[in-house]
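Start from chain A and add chain B with the ligands according to the hints.
Residues per chain, in single letters:
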Amino acid sequence: MSTEGQSAESPNPSPLEDPAAPAVVQQGSEPLLAVSGLHVEFRTQEGVARVLNGVRYHVDAGETLAVLGESGSGKSVTANTVMGILEMPPAAITAGEIRFRGEDLLTASASRRREVRGEGIAMIFQDALSALNPVFTVGFQIEEQLRKRRGMSRKDARKRAIELLDLVRIPNAKGRVRQFPHEFSGGMRQRAMIAMSLALDPEVLIADEPTTALDVTVQAQIMDLLAEIQRERNMGMILITHDLGVVAEVADRIAVMYAGRIVEEADVHSIYRKPGHPYTRALMDSMPRLDQRGQELNTIKGLPPSLTAIPEGCPFHPRCPLAIDLCREKDPELLTIAEGRVSACHRSDELMRDE
Amino acid sequence: MGRYVARRLLQLIPVFIGTTFLIYLLVWALPGDPFAGKCGERPCPESFVAVMREKFNMDDPLFIQYGKYLLNLLQGDFGETFSGTSVGTLISNAYPVTIRLALIALLFEALIGVIAGILTGLRGRGFMDNLVLVSTLFLIAIPTFVTGYLVQTVFGLQLGWIAPTVSGNASWGELLAPGFVLASVSMAYVARLTRTSIAENKRADFVRTAVAKGQPQHRVVGVHLLRNSAIPVVTFLGTDLGALMGGAIVTEGIFNINGIGGLVFRSIARQEGTTVTGVVVLLVIVYLVMNLLVDLLYAVLDPRIRYD
Ligand SMILES: Nc1ncnc2c1ncn2[C@@H]1O[C@H](COP(=O)(O)OP(=O)(O)O)[C@@H](O)[C@H]1O
Ligand code: SF4
Ligand SMILES: [Mg+2]
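Residue numbers (the working numbering), protein chains in the order written: chain A, 1 to 355; chain B, 1001 to 1308.
Next up, chain A with everything else stripped away, as it sits in the complex (with noise of 0.2 Å):
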């Protein structure tokens, strides 16, 4: 099987030199969204944040691909430019392609992204509350999709806008549809955004951080219900979060990410078996566990790299445990280590190694 790594050492690659090849190979078939060497920079006074350098990841229908990493490392920013909801400027993209069904959406019209926008892709927000337009109600924000999209009715789009805050499990959904965000409670607003991205039914899902903003007891029922619909649905879904516990439940690959690029990605089992890359091990490493409470929790050390000055090399090496000379003067591609398995370290056959 080739590889296809986004190697640092061009620094700007044409899309034409990277090919649309995903991660993990599909054979056959396109994956139904695949982005591939997307590079994204953001263009202030302070100089140019080189934000995305080469991302990659794909997702399949009725698959959940769970994005991770340490906040700032490019997840929310890979997963506005996929929605083409960047503001550009400060932000420019510079390379890169983003697949849907093998359409590149890049160069795709204005239009043609736009309607792609909602019933191809949808996307879920961190903060329901700044998220949804405070001075119009719930109901109208669904039914908006299904008037202007759909060409529904008022009337059909009403039934259909309570048949949706139904479908995520909001009790009195016949009342509810009149109300406004800020009469919801949190765990509510986010179902009820929930139900307003799937008002087109989608094909895929990205959902930010959907949780974070949620008390502990509500992040769980919100994880279970998004994971529930993906399933009934077959849907795309991209899971963007720093919460590996969620991850272990409802992800069925994980890519992790570090510095605007992918460092590891993987079948969740074999990731949680054996991390391929140093970074994904900190990272677990860093999660409270059960069978280690008391001890101090081992939080990694040192902090993500300034995106104006990407260190040489391996930009994880300033904090890498096991970090050598080559580290400090290559950048590791990102290499097939096993059926299915890629990670960007010069190391990483080692660490598949020893047990």
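Each hint should be verified, as a subset may be incorrect.
[Stated by the list, open to error] Not everything, but these chain B residues come out facing chain A in the computed CB check (under 7 Å): (1) ARG1008; (2) GLU1054; (3) LYS1055; (4) PHE1206; (5) THR1209; (6) ALA1212; (7) HIS1224; (8) ARG1227; (9) ALA1230; (10) PRO1232; (11) ARG1304.
[To be verified] Taking lysine to aspartate or glutamate and the DMTMM-like style, the derived pairs with C-alpha atoms no more than 20 Å apart in a straight line are: (12) A/LYS301 / A/GLU70; (13) B/LYS1202 / A/GLU312; (14) A/LYS274 / A/ASP285; (15) A/LYS301 / A/GLU312; (16) B/LYS1202 / A/ASP127; (17) A/LYS330 / A/GLU312.
Rather than coming from a laboratory, the hints here were simulated on the basis of the structure. Since the structure is predicted, the reported quantities are computational estimates derived from the model, not experimental observations. From the three backbone atoms N, C-alpha and C, an ideal C-beta is built for every residue, glycine too.
Here is chain B with the ligands on its own, set in the frame of chain A:
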């Protein structure tokens, strides 16, 4: 909501009594003899002055005078001038003109101010933005009477586009130029307020959500962005309608308009205390009622606001 309105109306009573008393006090405590020059060349005869002082309760203590005035006022009686004309009639003749002027001004404010604000708020930095910022700064810095005389001199006297003064019946067309002058300062504020409000909301999460939903651009802006940005602007316009009527005094003076501004102007000069008090009391009422309406409007525009 009903209880809130009732409470607000009750609060109006002490405010109303306080302000009107203050006005009464100030007006009737004006120095100078109100009867000077009322009887031609000669000073007024003792008997006439005595009758007048009796008629206007001028020998009572001030509190009693005010009490009697208030009682009449509550029955809709604004009193009479020294020459026996009903102040109520004077006001009802003058008020429609001023309302017309204030509405024209409000229209200018809303139209030009809001459009300039939307254009600059949406586009961000650039030529248009600088143009609006500089011109609004001018309008804010220059007092209304300067703008007024400028418009009158340039467009009225030199170019001859408008009549320098407004005729007795003060038609809508004649009031356009004075309305613009009256609006000028507020128009600048509306433009800036709209611009800031839009620029803030443009980056709001809910606008991003509307884009992510694939709603067309005209709906993202026209429905989601503008509806939220309108809240402070609409409330400003509402409060300003009350202020415009008071502010009309200067503009009406310049263009010789027979509105309440002109009425107050002349009445102060002639020491017609009853007229001055009547007009100002009415302005206070309009102002208080407009403020209440604006607060209620605020709750209608922003569902997060609850009055109870
Ligand atoms: N509007 C912006 N201007 C400048 N930098 C930005 C902007 N948005 C995001 N970034 C930068 O992009 C990086 C990645 O952000 P993000 O994708 O939000 O991280 P996360 O993985 O926590 O979702 C951050 O370092 C952040 O500073
Ligand atoms: S390449 Fe080197 S520095 Fe980077 S993760 Fe692997 S061992 Fe650590
Ligand atoms: Mg984020």
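Of the numbered hints stated earlier in the document, which are not met by this structure? Result: hints 1, 2, 3, 9, 10, 13 break, sorted rising.
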